[in-house]
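Peer 1: Using the hints, position chain B against chain A.
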Amino acid sequence: MISVGGLARYIVTRLAVTVPMILFLLTFVFFLLRIMPGDPVLAMLGGRNISPQLIEEYRARLGLNKPLLAQYLEYLSKILHGDFGTSTRTGKKILEDILLRFPATLELAIFGMLVAILIGLWSGTYAAIHSDRPADHAIRIFNIGSFAIPVFWIGLVLQLIFGVWLKWFPVAGRLDPKIAASFQPITRFYILDSLIMKDPQLLADILKHLAMPSFTLGLVLSGLIGRISRSSMLEVIDKEYVTTARSKGLTEPKVNYKHALRNALIPIVTVMGLQFAILMGGAILTETTFSWPGLARYLVQSVDSRDYMAIQGAVVWIAILISTVSLIIDIIYSFLDPRVRY
Amino acid sequence: MVRWLTKRIHLRKQRLLAIGITVVLIFVLVTLLAPWIAPYDPVNYMGGGRLEPPSASHLMGVDNLGRDVLSRIIYGGRIALIVAVSSVLISLSLGSLIGWISGYYGGLLDRTLSLLMDSLYSFPSMILAIIMVAMLGPNLLNMIISIAVVYIPSFFRVVRGQVLQLKSQEFVEAAHALGAADLRIVLLHIAPNTINSMMAVSSFCIADAILTEAALSFLGFGLPPPTPDWGFDINTGQKFLLSGKWWLITFPGLMIVLLSLGFGLIGEGISDLLNPKRKRKLA
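Read top to bottom, the protein sequences are chains A and B. At position 120 of the first sequence (counting the first as 1) the number is 120 in my numbering, and the numbers step up by one without a gap. At position 181 of the second sequence (counting the first as 1) the number is 181 in my numbering, and the numbers step up by one without a gap.
Only chain A is shown next, with the shape it has when bound in the complex:
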């Protein structure tokens, strides 16, 4: 399908666009943090009755007394060497902090995306096949409505119904505190860990904790996927090759799912790259609602304590992540659509 040389060339051209993008975001956030009011030293020391000497000493230690441009260039050279600096809040290396929390966020994001794809693809396809019938109208109303639902609110409503009233699912965290006490994570992707340990009870508990957060995150995105699936399915459903498949005597499901859906998938996959950014934004709110110990909560806490280095580090990390995902999706796209060559 794709030649290795062509793909490599494509990746290089993509990087030529991606690197300035990340650089711009980094620069934007760097100067934003420093131009605006709010002092990390005061936040760090608690803000009351501190001698000016102590403040100066801390500013010097954090390098905040140097000229802005010097700080910026120093930070750039450090980040190019993979050094994200040290957090003023946790006192640890920021890259370590991020790597510690990132698996939780990625696990949530993957399962959220999975839920969104399942609901969206199914409902969109169903609506297109039953176009202009009551089911179609209901699905369309849901698709429009899903844009208006605040992620954090639907999370709380689910907590209320399934956690507080029905008591089916736990309302917070990744693990039961009792199990967590003895649990030694290997990869920090808990599902993977439980599979490595071959511990079905652990896996069950992890899935139980993951269920509501990923459903919350997925539900909000499913409307968008449902919408695109429906329109893209309608686009192909009266194409000649679908009629041919039907006239060959293939069964209805085979026509719809094998011949129509497969071709309808192409535009659906294209929009997924963009959705990953929305997903990360939604993850912040989901993590807050469900006390999920992930990257997004780390970012919010860092913002609260004016932890400049940690905020910058998290922004760069998320920007790199989003670019990588969109690159991967473009590559998948070329496999789905043989006409695309890089």
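Don't take each hint at face value.
As the list claims (entries may be wrong) - FRET-style restraints, in silico, Cβ to Cβ: (1) B:Asn193 to A:Thr244: 35 to 43 Å; (2) B:Ile37 to A:Gly82: 54 to 62 Å; (3) A:Asp83 to B:Leu33: 56 to 64 Å; (4) B:Leu274 to A:His137: 19 to 27 Å; (5) B:Leu109 to A:Ala172: 46 to 54 Å; (6) B:Leu89 to A:Glu56: 28 to 36 Å; (7) A:Lys258 to B:Asn139: 36 to 44 Å; (8) A:Ile266 to B:Phe240: 44 to 52 Å; (9) B:Asn64 to A:Pro200: 39 to 47 Å; (10) A:Val269 to B:Leu178: 16 to 24 Å.
Claimed, not checked - Capping the alpha-carbon separation at 25 Å, the derived lysine-lysine pairs in BS3-like fashion look like this: (11) A:Lys208 to A:Lys178; (12) B:Lys239 to A:Lys208; (13) A:Lys178 to B:Lys239; (14) A:Lys92 to A:Lys78; (15) A:Lys254 to A:Lys239; (16) A:Lys198 to A:Lys208; (17) A:Lys198 to A:Lys178; (18) B:Lys167 to A:Lys167; (19) A:Lys78 to A:Lys66.
Said to hold, decoys possible - Listed below are several chain A residues computed to face chain B (Cβ distance under 10 Å; list not exhaustive): (20) Leu15; (21) Met21; (22) Ile22; (23) Phe28; (24) Leu156; (25) Val171; (26) Leu175; (27) Ile179; (28) Leu285; (29) Ala314; (30) Val315.
To be clear, the hints were calculated from the coordinates, so they are not data collected in a lab. Beta carbons are placed, not taken as given, at the ideal position from N, Cα and C, and that holds for glycine.
Peer 2: Using the frame of chain A, we list chain B on its own:
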């Protein structure tokens, strides 16, 4: 504006648009008339019980500080509407201005501006808004500015695309040939043709800005209490969720959904008007 509306809209045929406008108008009226409609004071403790479920005297219950939830919700609409509409107006002006310039002049300027806007667009807007509002400090103006920055790229993209498309059209070339100045061409010939799609984009952005505002307040980056604010009230309600006080989160959340949906439907309606074929294909 009015002529534009009457000329194109047959409200009876445009159900989505009609519902959307009705919902938004109701919210605008209720928040404007809040002092006369709200049964109790939204901010001060009124005496009586705390955390009471909905009843005949308090239709949506009482919160942890003994305040009437319904009254707080009525006033809370003010913040939501003011913040969402004004921030989108700012993004509309800045975004379209940059979009016109970028699309019209092209070249290196266009490439640089597009790259900057794409970077902003591809990054989770919620994270940018949080960082900005936290650093600026929580007040009404700062909240509006932070949310405005988030939506600039949306307008930039639409306007730039339209300008690129219009630039090569004959009527623009004719204006050029007649010796019209750049500014005149942009303002008189190109800008009016981008208005329609900008109205649709504005509605979608306001719908989303309502969610962003609520989310910022929910995370604790909003206006300081005791200002009635839907997002903040949900945050408060979360603390009493485990004890089953359902009314504290339910009603403010429903209001967010309704108002955001209202603007979303207006956006859908306008998009249908602009492109009748779209109706069948998109939701």
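Peer 1: None of the hints should be skipped; say for each whether it holds.
Peer 2: Status of the hints after comparison with the structure:
Distance hint for Asn193 of chain B and Thr244 of chain A: a CB-CB separation of about 42 Å, consistent with the stated range 35 to 43 Å. The supplied range of 54 to 62 Å is met by Ile37 of chain B and Gly82 of chain A, whose beta-carbon atoms lie about 59 Å from each other. Checked against the given bound of 56 to 64 Å, the beta carbons of Asp83 of chain A and Leu33 of chain B, roughly 58 Å apart, stay inside it. The hinted range of 19 to 27 Å is satisfied by Leu274 of chain B and His137 of chain A, whose Cβ atoms lie roughly 22 Å apart.
Between Leu109 of chain B and Ala172 of chain A, the C-beta spacing of about 50 Å keeps the proposed range 46 to 54 Å intact. The supplied range of 28 to 36 Å is broken by Leu89 of chain B and Glu56 of chain A, whose beta-carbon atoms lie about 43 Å from each other. Against the hinted window of 36 to 44 Å, the Cβ-Cβ separation of Lys258 of chain A and Asn139 of chain B comes to about 57 Å, which falls outside the hint. For the hinted restraint 44 to 52 Å between Ile266 of chain A and Phe240 of chain B, the CB-CB distance of approximately 48 Å keeps it satisfied.
The supplied range of 39 to 47 Å is met by Asn64 of chain B and Pro200 of chain A, whose beta-carbon atoms lie about 42 Å from each other. Restraint check, Val269 of chain A to Leu178 of chain B: a C-beta distance of roughly 47 Å breaks the suggested window 16 to 24 Å. Distance hint between Lys208 of chain A and Lys178 of chain A is fulfilled; the C-alpha atoms sit about 15 Å from each other, no more than 25 Å. The straight-line distance between the Cα atoms of Lys239 of chain B and Lys208 of chain A is roughly 22 Å, inside the 25 Å bound, and the hint therefore holds.
Distance restraint check for Lys178 of chain A and Lys239 of chain B: the Cα-Cα separation of roughly 23 Å lies within the 25 Å cut-off, and the hinted pair is therefore satisfied. Proposed proximity of Lys92 of chain A and Lys78 of chain A is supported: the alpha carbons are some 16 Å apart, at most 25 Å. Distance restraint check for Lys254 of chain A and Lys239 of chain A: the Cα-Cα separation of roughly 15 Å lies within the 25 Å cut-off, and the hinted pair is therefore satisfied. Distance restraint check for Lys198 of chain A and Lys208 of chain A: the Cα-Cα separation of roughly 17 Å lies within the 25 Å cut-off, and the hinted pair is therefore satisfied.
Between Lys198 of chain A and Lys178 of chain A, the direct Cα distance comes to roughly 19 Å. Compliance with the 25 Å bound is thereby established for this hinted pair. Of the pairs offered as hints, the one joining Lys167 of chain B and Lys167 of chain A is violated, with about 61 Å between alpha carbons and a cut-off of 25 Å exceeded. Distance hint between Lys78 of chain A and Lys66 of chain A is fulfilled; the C-alpha atoms sit about 16 Å from each other, no more than 25 Å. Among the interface hints, the one on Leu15 of chain A is violated; its C-beta lies about 14 Å from the nearest C-beta in chain B, farther than the 10 Å criterion.
Annotation: Met21 of chain A was flagged as interfacial toward chain B, and the flag holds, the nearest CB pair being 4 Å apart, inside 10 Å. Proximity of Ile22 of chain A to chain B holds as hinted, the smallest CB-CB distance being about 8 Å (cut-off 10 Å). Contact between Phe28 of chain A and chain B, as hinted, is supported at the beta carbon level, the nearest pair being about 8 Å apart and thus within 10 Å. At its closest, the beta carbon of Leu156 of chain A sits 5 Å from a beta carbon of chain B; the interface hint therefore holds under the 10 Å criterion.
Here the hint on Val171 of chain A is kept, as its CB sits about 7 Å from the closest CB of chain B, short of 10 Å. Annotation: Leu175 of chain A was flagged as interfacial toward chain B, and the flag is violated, the nearest CB pair being 19 Å apart, outside 10 Å. Taking 10 Å as the C-beta contact cut-off toward chain B, the hint placing Ile179 of chain A at the interface is violated, the least distance being around 21 Å. Here the hint on Leu285 of chain A is kept, as its CB sits about 6 Å from the closest CB of chain B, short of 10 Å.
A cut of 10 Å between beta carbons decides the hint on Ala314 of chain A: the least distance to chain B is about 8 Å, and the hint holds. The interface hint given for Val315 of chain A holds, since its Cβ lies 7 Å from the closest Cβ of chain B, which is under the 10 Å cut-off.
The structure does not agree with the numbered hints 6, 7, 10, 18, 20, 26 and 27 stated previously, though it agrees with the rest.
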